[in-house]
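**Student:** Sequence:
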Amino acid sequence: MRAVIQRVSHASVSIGGKEKAAIGPGYLILLGVCDEDNAEDVDWLVKKIANLRVFGDENNVMNRSIIEVGGEALVISQFTLFASYKKGNRPSWFRAGSHEHSIPLYETFCTQLSEAIGKPVGTGEFGADMQVSLLNDGPVTICMDTKNKE
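First residue of the sequence shown? That's 125 in this note's numbering, and the numbers climb one at a time after it.
These aren't lab readings, by the way, just hints derived from the structure by calculation.
Idealized CB from N, CA, C, for every residue including glycine.
Worth double-checking, as some hints may not be accurate.
Restricting the straight-line Cα-Cα distance to at most 27 Å, the calculated cross-link-like pairs of lysine-lysine (DSS-like) are [as the list claims (entries may be wrong)]: (1) 271 <-> 211; (2) 172 <-> 271; (3) 273 <-> 171; (4) 273 <-> 172; (5) 271 <-> 171; (6) 171 <-> 243.
Listed next, with one range per pair, are the computed distances between beta-carbon atoms [said to hold, decoys possible]: (7) 272 <-> 194: 38 to 44 Å; (8) 263 <-> 194: 18 to 24 Å; (9) 257 <-> 184: 21 to 27 Å; (10) 222 <-> 266: 33 to 39 Å; (11) 171 <-> 142: 29 to 35 Å; (12) 189 <-> 259: 16 to 22 Å; (13) 222 <-> 262: 31 to 37 Å.
Based on the sequences and whatever the hints tell you, model everything.
**Tutor:** Following this line, the structure appears as structure tokens:
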């Protein structure tokens, strides 16, 4: 699994011109799943993201987690995180997971993240043409890959 985590002041996702979900301060998470991913990857990534300390403390030092600041999360499926671009200039998506494999892991990730942060998690719609709006706070953007845990 690959995730791009952006600390945001606010974020939203719209589909067909209608807002599906919106959050205040917290994380916008772009999540990519490949066919090699499994429940262990979900568990590891949820724990890392929920406990990631990138929110300011009383001295404005990045030392607090999303849980500690009561932040929200919006998770958007993003198969393009597995783009292969070595040959030519048109990316290939062969490394992205199939819908049958990816959708259950995406849904499990969202459920577990919601439980970890103690709040509902906003989502897009898997496979939909989505418009995502955000105000990146910092900016703080962190990339994680469950295949690079060490």
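**Student:** None of the hints should be skipped; say for each whether it holds.
**Tutor:** Structure-based check of each hint:
The hinted pair formed by residue 271 and residue 211 meets the criterion: a straight-line CA distance of about 23 Å does not exceed 27 Å. Taken as a hint, the residue 172 and residue 271 pair is honoured in the structure, with Cα atoms around 13 Å apart against an allowance of 27 Å. Pair hint residue 273 plus residue 171 holds up; C-alpha atoms about 12 Å apart against a cutoff of 27 Å. For the hint pairing residue 273 with residue 172, the CA-to-CA distance comes to about 10 Å; that is within 27 Å, so the pair holds.
Pair hint residue 271 plus residue 171 holds up; C-alpha atoms about 15 Å apart against a cutoff of 27 Å. Distance restraint check for residue 171 and residue 243: the Cα-Cα separation of roughly 15 Å lies within the 27 Å cut-off, and the hinted pair is therefore satisfied. The hint said 38 to 44 Å for the Cβ distance between residue 272 and residue 194, and at roughly 30 Å that hint is violated. Range check, residue 263 to residue 194: Cβ separation about 21 Å, and the 18 to 24 Å hint holds.
The hinted range of 21 to 27 Å is satisfied by residue 257 and residue 184, whose Cβ atoms lie roughly 26 Å apart. Taking 33 to 39 Å as the suggested C-beta distance range, the pair residue 222 and residue 266 does not conform, at roughly 27 Å. For residue 171 paired with residue 142, a C-beta distance near 33 Å keeps the hint of 29 to 35 Å intact. Distance hint check: the CB atoms of residue 189 and residue 259 are about 20 Å apart, consistent with the given range 16 to 22 Å.
Roughly 35 Å separates the CB atoms of residue 222 and residue 262, a value that falls within the hinted 31 to 37 Å.
When held up to the earlier numbered hints, the structure conflicts with 7, 10 and fits the remainder.
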